[in-house]
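Engineer: Those protein sequences? They're chains L and X, same order as listed.
Everything in the first sequence is counted per our numbering, starting at 1 for the first residue and increasing by one.
Everything in the second sequence is counted per our numbering, starting at 368 for the first residue and increasing by one.
Calculated from the structure, these hints are not laboratory results.
Glycine included, each C-beta is placed from N, C-alpha and C at the ideal position.
Where hints are given, some of them may not hold.
[To be verified] So the derived list for chain X, only partly shown, Cβ under 10 Å to chain L, looks like this:
id : residue
1  : S372
2  : V396
3  : I500
4  : E512
5  : P513
6  : D573
7  : P669
8  : R672
[Said to hold, decoys possible] Per the computed footprint, the stretches of chain X lying under chain L, defined by three or more beta-carbons under 8 Å from a beta-carbon of chain L, are:
id : segment
9  : 386-395
10 : 398-406
11 : 462-472
12 : 583-595
13 : 607-617
[Unchecked claim] Listing some non-contacts, in silico: residues in chain L with all C-beta distances to chain X over 10 Å:
id : residue
14 : A72
15 : R116
16 : D172
17 : D209
18 : L225
19 : G261
2 protein chains.
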Amino acid sequence: MALISPSRRVRRTMFSDGVEAAGVKAYTVYNHMLLPTVFESVQDDYHHLKEAVQVWDVACERQVELRGPDAARLMQMLTPRDLRGMLPGRCFYVPIVDETGGMLNDPVAVKLAEDRWWISIADSDLMLWVKGIANGYRLDVLIDEPDVSPLAIQGPKADDLMARVFGDAVRDIRFFRFGMFDFQGRSLAVARSGYSKQGGFEIYVDGADIGMPLWNALFEAGRDLDVRAGCPNLIERVEGGLLSYGNDMTDDNTPHECGLGRFCDTQTAIGCIGRDALLRVAKEGPTKQVRALELHGGPVPPCERVWDIEANGKRVGQVTSAAYSPDFKTNVAIGMVRMTHWDSGTEVQVRTTDGMRDAVVREDFWL
Amino acid sequence: MALISPSRRVRRTMFSDGVEAAGVKAYTVYNHMLLPTVFESVQDDYHHLKEAVQVWDVACERQVELRGPDAARLMQMLTPRDLRGMLPGRCFYVPIVDETGGMLNDPVAVKLAEDRWWISIADSDLMLWVKGIANGYRLDVLIDEPDVSPLAIQGPKADDLMARVFGDAVRDIRFFRFGMFDFQGRSLAVARSGYSKQGGFEIYVDGADIGMPLWNALFEAGRDLDVRAGCPNLIERVEGGLLSYGNDMTDDNTPHECGLGRFCDTQTAIGCIGRDALLRVAKEGPTKQVRALELHGGPVPPCERVWDIEANGKRVGQVTSAAYSPDFKTNVAIGMVRMTHWDSGTEVQVRTTDGMRDAVVREDFWL
Chain L
1 MALISPSRRV RRTMFSDGVE AAGVKAYTVY NHMLLPTVFE SVQDDYHHLK EAVQVWDVAC
61 ERQVELRGPD AARLMQMLTP RDLRGMLPGR CFYVPIVDET GGMLNDPVAV KLAEDRWWIS
121 IADSDLMLWV KGIANGYRLD VLIDEPDVSP LAIQGPKADD LMARVFGDAV RDIRFFRFGM
181 FDFQGRSLAV ARSGYSKQGG FEIYVDGADI GMPLWNALFE AGRDLDVRAG CPNLIERVEG
241 GLLSYGNDMT DDNTPHECGL GRFCDTQTAI GCIGRDALLR VAKEGPTKQV RALELHGGPV
301 PPCERVWDIE ANGKRVGQVT SAAYSPDFKT NVAIGMVRMT HWDSGTEVQV RTTDGMRDAV
361 VREDFWL
Chain X
368 MALISPSRRV RRTMFSDGVE AAGVKAYTVY NHMLLPTVFE SVQDDYHHLK EAVQVWDVAC
428 ERQVELRGPD AARLMQMLTP RDLRGMLPGR CFYVPIVDET GGMLNDPVAV KLAEDRWWIS
488 IADSDLMLWV KGIANGYRLD VLIDEPDVSP LAIQGPKADD LMARVFGDAV RDIRFFRFGM
548 FDFQGRSLAV ARSGYSKQGG FEIYVDGADI GMPLWNALFE AGRDLDVRAG CPNLIERVEG
608 GLLSYGNDMT DDNTPHECGL GRFCDTQTAI GCIGRDALLR VAKEGPTKQV RALELHGGPV
668 PPCERVWDIE ANGKRVGQVT SAAYSPDFKT NVAIGMVRMT HWDSGTEVQV RTTDGMRDAV
728 VREDFWL
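Next up, chain L with everything else stripped away, as it sits in the complex (with noise of 0.2 Å):
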């Protein structure tokens, strides 16, 4: 592996002194900022994530805040969920597609109230979507990214940990609720939610000065918890199923083919740009979608580009990101795949970085 160059425009964040000092060894580049990706080695990392409790250096998830009188309506145009129901202090994953319902986006809106909004991004400029569209439509709308950075706490301690800090009133915070807990005099949102399938927070921390207080406040509180600095786990999201925004779906593909159609009201959704487009889509169903892979044979390589699948010599898919798991003692895969060859025990063959590999489509992902 290369190293990465230092530069302002590769953005630092208020936790990476933290992060530093907790000896990261490799980041990713995710928003313009950097995200730790290593610390120990990945399989130990994957290990303590699902034993202890580990603290994670997210800012990189950036806030687009959406500010005033057509906040909701600017908000119900990016996606195809419907969020009418959706009440302040909720959290919904929502897709966010353009007007042909290609995924730009597959974020966190956190709202705030009617009329203020935080989309907490994965790795594309949304803002600037966002922005286009306003000025467009013309809406009465402020956007912006303000100074507020995710901090999350991961891991079957997390529970007890955050209690240690911000009380025991957050064991009660539902998934994919959020509360808002006082650290040092600051008014913090924390919401059950989390990268990870092991449990835990993440901390909206709003103000670059009370990052590292925090950072540290956590560590001291933890320390007979074994806490350790941490960062999304490659293995452990894939076991899972979490897709990656750029590496699992890109704006080539539909919500549909991302195996987000759960999340799509697309009938209700009235307002959305993709809505026309995806109509057809929903009605007709996709023609590839999201699989979980179990790759036969000893750990496969880095998947640093994708890997075609193939059946009968004959392309039917793509492997995005894959790892081999330690504990399901195989390699786990996130791949899209044609819907001739998408059924559970269709086998197919992989061609890896290092050559061909004989597969299978799964039911689920490693739960």
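With the hints as your guide, set chain X onto chain L.
Structural biologist: This is chain X only, laid out in the frame that chain L set:
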């Protein structure tokens, strides 16, 4: 420095195999794509660039293609530069601004025909803004990222190398013009342009299948010219005052603050979305502006975050790019300085990562 993790999301380019074979040591990520930053060392690459010729994988300068009857109208909506006199076959450096006059990108616009343009972008997902505007204003235009990847040939021997592969006619291409040249039966746009002050070309390689054949042909033809794989060089670009979007300017800045006022014809660029805001700026002038700065003392550390510029203990600006220049035997830097301190010869202090440095504002970059 930490490592960079491989993933499909951080896209490889059509030249990555060549870059790896050439022994790339470090990357940055630019438009969700790998951009090499170091081969031998930043210093060795710098000396070689000024003496010989290099082939640069700048595929990350992605193209946003506009096609259709409203393409020219849309292009003018994006920029305060007056495009009415621009003929097909020309390249224009164009600031792109939002409705407040904030810089969204500083690309090169390539006019292929009246109804067909490429915007060769710096590091932001400009396509999202362009698509949002086109959608909101219901323009009759197709917007797309074609499979076109620039390959730059830079250095004093660039003309010689290019003539061997494309014929002597390439020598006649004038600055910021392009012509169509044949390679293996494919017609490619070749422009006299590039992100260095050493002269050279950018080839818009249309189709991934000829990426490596062209790469190999250039290395084959240039063996006795000491052709090497290279990349935009930090030292050389700072010496030359070549700004970097995301480093030296962001959407916080107007073109005038970036010293790009000469590319703004705000009076006549009718239709430009940021025109109202920029008319005000053009009239009153900016209150801060990009400047060359010299930082005294030994080599500075990497400028991986904004360094405050201070005078009498007050913040009067920020340095955003800096490097030690072997040729000029001093630290060269780019910063944004308030008008109270932007006159050449003004003594200031810069708070680098390693401590305070005395510095002076210069009249010009090191040309």
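Engineer: Now look at each hint and say whether the structure bears it out.
Structural biologist: Structure-based check of all given hints:
1. A distance limit of 10 Å between C-beta atoms decides the matter here; for X/S372 the minimum to chain L is near 4 Å, and the interface restraint holds.
2. Below 10 Å, beta-carbon pairs count as interface contacts, and X/V396 has one with chain L at about 4 Å; its hint therefore holds.
3. Against a cut-off of 10 Å between C-beta atoms, the interface hint on X/I500 holds, since the closest Cβ of chain L lies about 5 Å away.
4. Below 10 Å, beta-carbon pairs count as interface contacts, and X/E512 has one with chain L at about 9 Å; its hint therefore holds.
5. Interface restraint check for X/P513: the shortest CB-CB distance to chain L comes to about 14 Å, outside 10 Å, so the restraint is violated.
6. At its closest, the beta carbon of X/D573 sits 20 Å from a beta carbon of chain L; the interface hint therefore is violated under the 10 Å criterion.
7. For X/P669, the interface hint holds, the least distance from its beta-carbon to any beta-carbon of chain L being 4 Å, beneath 10 Å.
8. At a threshold of 10 Å, the smallest CB-CB gap from X/R672 to chain L is about 5 Å, leaving the interface hint in force.
9. Coverage of a stretch by a chain is defined here by at least three residues with a beta carbon nearer than 8 Å to that chain's beta carbons; for the segment 386-395 of chain X and chain L the count is 5, and the condition holds.
10. Only when three residues or more bring their CB closer than 8 Å to a CB of chain L does the claim for the segment 398-406 of chain X stand; here the count is 3, and the claim holds.
11. Coverage of a stretch by a chain is defined here by at least three residues with a beta carbon nearer than 8 Å to that chain's beta carbons; for the segment 462-472 of chain X and chain L the count is 3, and the condition holds.
12. As drawn, the segment 583-595 of chain X meets chain L at 0 residues by the rule of a beta-carbon pair under 8 Å; below three, the given contact is violated.
13. Here's how the segment 607-617 of chain X fares: 4 of its residues keep a CB closer than 8 Å to some CB of chain L, so the rule of at least three is met and the hint holds.
14. A cut-off of 10 Å between C-beta atoms confirms that L/A72 is not in contact with chain X; the least separation is 18 Å.
15. For L/R116, the shortest C-beta to C-beta distance to chain X comes to about 20 Å, beyond the 10 Å cut-off, and the non-interface label holds.
16. At roughly 36 Å, the least C-beta separation between L/D172 and chain X is larger than 10 Å, which holds for a residue marked as non-interface.
17. Every C-beta of chain X lies more than 10 Å from that of L/D209, the closest at about 16 Å, which supports listing it as non-interface.
18. Distance check for L/L225 against chain X: the nearest CB is about 26 Å away, which clears 10 Å, and the non-interface claim stands.
19. At the 10 Å boundary, the C-beta of L/G261 stays outside the reach of chain X, the nearest C-beta of that chain being 23 Å off.
Checked against the numbered hints listed earlier, the structure breaks hints 5, 6 and 12; every other hint is satisfied.
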